[in-house]
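Next come the chains, spelled out residue by residue.
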Amino acid sequence: MSAGVATPVRVQPVRKRPTAGTSLAYLAAIVVIGITVVPLLFVVVGGFRTNAQINNDPAGLPHPWILDNYISVITNSAFWDFLRNSVEIAVLATALAVAFGAMAGFALSRYRFRGREALYGLFTVGLLFPLSVAALPLFLWLRDLGLLESTWGVAIPEAAFSLPVTIVILRPFMAAVPSEIEDAAVLDGATRLGFFWRILLPLSMPALTTVAVLAFVTSWNAYLLPLLVFNDPTHFTLPLGVATFQTQYSQDTAKVLAFTAVSMVPALGFFLIAERRIVGGLTGAVKG
Amino acid sequence: MSEAGTVTDRSGPPADGVTDSAPTAGRTGVRPARRSRGARQRLELVVLLGPSLVLFVGFVLAPMVIAAYYSLYNWSGFGPLTDFIGIQNYKDAFNGPVFQHAIVHNLIIVGLSLVVQLPISIALALLLNRRLRGRSFLRLVVFAPYVLSEAITAVIWLLMLQPDGLVDQMFKSVGLGGAIQQWLANTNVVLYTLFVVLTWKFIGFGIILLLAGLQGVPPELREAAALDGATPWQSTRHVILPLLGPTIRIWIFLSVIGSLQVFDIVWIMTLGGPADSSTTMASYMIDHGFKRLEPSYGSAVAVILFAICFVFALAYQRFALRRDTDGALTRMVG
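Heads up: the protein sequence lines correspond to chains L and V, in order. Position one of the first sequence corresponds to residue 1 (my numbering), numbered consecutively onward. Position one of the second sequence corresponds to residue 1 (my numbering), numbered consecutively onward.
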């Protein structure tokens, strides 16, 4: 009886709070969206304008809409070179990191051997070595190895620097697969490597996707290592290419805007398709 | 770090026990079987761990060791290392005003991130944690700049910050024309301009991280606090924020480490200039070690930069992250 009376009394303050707060939240949301979107729109819309239009009124809309800038970017072989190089390097780096990381994660989670924890500790120390800090020594080392100007010269180090995160995420995930499943596989005549290949890897798909996304995005956005390794513009990756294009055509703002807009497409497109995976992967990897 | 290992260890399956008991039962000659199994396990371990160890030691650890070695010489990058000068490169770095400024610039970025970005991120996350219409769209938009590379971000802002460009135009349109600066050319302003760009790029990540943390806070807690007479502010301050503690501590860790290594945006937008007014430790390292062909000196800077990050990471884990989940550091993205 008393509980029944209490409920309507309780509801009032609770319901009252959201209305004031919610309108504030909508206001904040609009401001945040504006600050985020305006620069992106400026780039995309600016690409449809001429330099004269941009100089007259930087914030204006195209009048008339011009397709020339975008056409010249898309028909420019440099853009496709950058894109292809970025894809090649990111795919290689991701494949290496995920394949080797999964193998190491399997060994470190489901084998028992002396020095296992020490080895795992060694890999976790790698979390403290960000590539940007090691870039210069890495460059000197790659030069000694003769890997400058080579796709592998960027992909291999990027994979190596992705390994710690990959292993740290995969090991607990693989360890959590019940041992009964492994027992059953062994009873059915599977070897341990057979169990790894046919059962553990498919079961680890969510974690494998997360580490793959992490490795891919890291490689895709990398600027410093490609900057040091590549000197020949035909080898440039997209981030390097965008920055170089901006310097090269600093007088032709409209063209730079179009080039930048087109360069954003792969990342934003990939993000739109795989938003949950990417957000979940990037934040989940941090939260553990 | 090893704590994480032992914890997962205990929850993990006794993998070896499985293979020890099951196959031997079916076999007759126990001894040779065990010996060959040991050899087989060793072989499997070599195959499984070999590639990642080679990659890791060869491309993560080796360069730093080599850098430490190079840093003790005076070397132009070509020919043999002959001119051993001990720790002279380190002395030069710490005594040079430009590197001192670079350290200060990094510390300013660290400080501003904590004082400006963190409160804004928390406030926005709290506001956006309501049932808003179009919330998934909002998440998408807020996170978008984080997905773009720093290089693209830098170029976008370079174009917007051109004199009489979009930013200046917007200042004028709201009547703040007098506040317009030479955003990237004024030595007193440029570092703060770069901080705004960094904030634009990275704040979405913090908001999404905090929103994820807030989802772990049951709404009943706020209702209970309200029942006990707490104002919304009180329940936020004394109930919600403490529960967000682990998320906030991880955000601080990532933010500080990131701020200590800022490079891409600085390099593309200003090259550390004008007159070194926006140099960071990383841009100083690349400027000297790569552009000016002083690899041994640059290596010394790399070692210093690494040492600073390393000491911070260890100290932070020891004193701040310790009370959070097991081995939080090991769960972190580098």
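For the record, the hints were derived by calculation from the structure and aren't laboratory data. Please read these numbers as outputs of a predicted model, since none were measured by experiment. Hints are supplied without guarantee of correctness; some may be wrong.
Said to hold, decoys possible - Which chain V residues stay away from chain L? Per the calculated CB distances, all over 12 angstroms, these:
(1) 50
(2) 60
(3) 88
(4) 94
(5) 139
(6) 144
(7) 304
Claimed, not checked - Here are the simulated distance ranges between beta carbons:
(8) V/79 x L/176: 45 to 55 angstroms
(9) L/201 x V/91: 21 to 31 angstroms
(10) L/176 x V/36: 36 to 46 angstroms
(11) L/61 x V/96: 45 to 55 angstroms
(12) L/66 x V/62: 28 to 38 angstroms
(13) V/220 x L/35: 27 to 37 angstroms
(14) V/227 x L/209: 16 to 26 angstroms
(15) V/61 x L/201: 47 to 57 angstroms
(16) V/120 x L/144: 38 to 48 angstroms
Using N, Cα and C, we set each Cβ at its ideal position, and we do this for glycine too.
Per the hint of 45 to 55 angstroms, is the separation of the Cβ atoms of residue 61 of chain L and residue 96 of chain V within bounds? holds, 50 angstroms
Could you check that no beta carbon of chain L comes within 12 angstroms of the beta carbon of residue 60 of chain V? violated, 5 angstroms
Status of the given 45 to 55 angstroms range, CB of residue 176 of chain L versus CB of residue 79 of chain V: holds, 54 angstroms
Could one say that the CB atoms of residue 66 of chain L and residue 62 of chain V fall in the range 28 to 38 angstroms? Hint violated: Cβ distance 52 angstroms, outside 28 to 38 angstroms.
Is the hinted range of 21 to 31 angstroms satisfied by the C-beta distance from residue 201 of chain L to residue 91 of chain V? violated, 52 angstroms
Outcome for the supplied range 16 to 26 angstroms, where the beta carbon pair is residue 227 of chain V and residue 209 of chain L: Violated, at about 43 angstroms.
Go ahead and decide if the range 36 to 46 angstroms is satisfied by the Cβ distance of residue 176 of chain L to residue 36 of chain V. violated, 30 angstroms
Any Cβ of chain L at or closer than 12 angstroms to residue 88 of chain V, or is the non-interface label fine? holds, 18 angstroms
Would you check whether the claim that residue 94 of chain V is not at the interface survives, using Cβ distances to chain L and the 12 angstroms cut-off? About 18 angstroms separates residue 94 of chain V from the closest Cβ of chain L, which puts it past 12 angstroms; holds.
With 27 to 37 angstroms as the target window, see if residue 220 of chain V and residue 35 of chain L comply at their CB atoms. Since residue 220 of chain V and residue 35 of chain L have Cβ atoms about 34 angstroms apart, the given range 27 to 37 angstroms holds.
Compute the least Cβ-Cβ separation between residue 50 of chain V and chain L, then decide whether it is above 12 angstroms. The assertion about residue 50 of chain V is violated, with a minimum of 9 angstroms to chain L.
12 angstroms cut-off, C-beta based - residue 144 of chain V kept clear of every residue in chain L: violated, 6 angstroms
Comparing the model with each earlier hint shows violations of hints 1, 2, 5, 6, 7, 9, 10, 12, 14, 15; every other hint is respected.
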